[in-house]
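Start from the sequences, fold in the hints, and give me the full structure.
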Amino acid sequence: MLLLVVSIGLAVSIGSAGLSLSDVWGILIYKITGIHLFGDWSDSDVAIVMQIRLSRVILAVLVGACLATAGAGFQGVLRNPLADPYTLGVASGSSVGAAFIIFFGLQSLMGLWTIPLVAFVTGALTLFAVFALARSKGAMAVETLILAGVIIQSFLGAFVSFMVSMSEGVVNQILYWLMGSLALRSWDHVYMLLPFLIVGVPLIAFFAHRLNLFAFGERHAAHLGVNVERTKLIVLVGSTLLTAAAVSVSGVIGFVGLVVPHLLRLLVGPDYRRIIPLSAIGGGIFVLWADTVARIALSPREIQLGIVTALVGAPFFALLLYRHKLGGKGGM
Amino acid sequence: MIEARQVSLTIEQTTVVKDMTFSFTKPGMYGIIGPNGAGKTSLLRLMSGAAQPTSGSMLLGDKPISAYPRKALARTMAVLQQGGLPPVGFSVRDTVAMGRFAFQGWFGDEREDPSPLIDSALNRMGLIELQHRPLDRLSGGERQRAALAQIMVQNPHIMLLDEPTTYLDIGYQVQLLETVHEWQRERGMIVVAVLHDLNLASLYCDQLIVMKDGSLYASGTPETVITKELVHDVYHADAEVIYTEPGGPPQIVLHRAGVGMKEKPILDRMQWIQPIGR
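Going down the list, the sequences are from chains A and B. Going by the UniProt record's numbering, the letters in the first sequence line up with residues 1 to 332, in that order. Going by the UniProt record's numbering, the letters in the second sequence line up with residues 1 to 278, in that order.
Quick caveat, the hints were computed from the structure, so don't treat them as lab data. All figures in this text were calculated on a predicted structure; none of them were measured in a lab. Note that CB positions come from ideal geometry on N, CA and C, so glycine has one too.
So the derived list for chain A, only partly shown, Cβ under 7 angstroms to chain B, looks like this: (1) L213; (2) A222; (3) H223; (4) P270.
Rendered as structure tokens:
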């Protein structure tokens, strides 16, 4: 938690506009407490710090928290540390909706909310499609569910690629969306995402205890008294809401839902009562730093956030996997 | 008590349990025996509520098992599944503590501190020294003991065991069933166990149910059920039934298929296992 606060402070201070540390902090302190303590700044500096940097930093934290918590939720239900929002095709589903809106230029339909809403609806529809594919005799087997997710995901991936190749002028925009970015986002996006986070994270954390019992297998959990189907449904829907909300404001950012809970599992053990709240915090820190790197690495140009998380996440994940393998047979 | 009334279970057009009627009313050890594919595990799944009968009804007390919410069922009935616990990262103690789930409130709290209960279960299964070790660093036998300790803290009235002795050597097989038996007598539980080993079933069970092709083939005490004829008819194996003590439980000794007792002298066969090159 402390690490998160420190990270936010540092990340706000870094940027391409060339503001000094004392200016940034002077503005922050002035805005929070109303006291003009130090620094010499103009109105535009205030706008940069408050409207652009701070909102973006907060948004990065929220997106990371959503994705990592969703990843932990999916992993708990699927009993597979490699599962994440993308395995189920939910993120792809959301991005299809977004690409569709951009391709047909329908953004004006409902203003700022068009893309997020459509992305959310298609993400949720994808989840239902995956469920329909996986469900047999009223129960969802874990293996079938992953398989269905992969099938739907590759179908939707082809669909997005098709739309991208059909469009001319807006290719960049779609790519930008699909690679994930937090550029040109504002406080509106923060307010859009926040309710999902406030509802979603405690909801999944509430079921953490049950997810622990899931580790022994669904039937075993049932024999110990867990209502398995209800737990699966609630955690999956909660995780999907978090994923769709995050994808709606940031596009597809990979590896967060995969790496963060897995890393925490190695650090604090398999107890989901710790993993889930820590994932929210750890995911926030991870995306925040990834976005800071995306902003300043080639400043003033920006790299897509999805590229940074993949560049950092993939080798990191490979290393974890390798160490894990050396350390003995896997388990969770 | 558990009562089956003309219970049948059909999975994908195959009837795995056929029209079975029986009841376990008194405390005791009840064994389900029968050849592979006879429907023993399916029957146990019906009793545990993991499967619903296609026709007929499976009752717990006077209500069908499906009428109980999962949590309420877990307060009465504990189930040890075939294959035991998977090698996960939870410690033995945490694993055993999870057996208390059905007694916990919404936030994992319990009215009374369950630690004495957990300690005594760990003690009983000889797991005190291993209590902080994760399951993925235990042997199969130790994991099986952890699984039993987990259902012990459930304080069940009814216990269903599906082949609890698989993966255990004979020493542990006897030890595990001895513990279950002792515990059954103490608490006056109904214990239903699917057992592969007829000799163990005969040693530890008060009543046996023999299944063949999904149906009830025979039932009764080990003395009445375990006979040369039954072993032949149900398992297609030749055996002698012997009593190691008068009035004790019957035990079987196998013959080789179709050859009977008059076999080649053992010395003849010894020649085949002479070390080469001597």
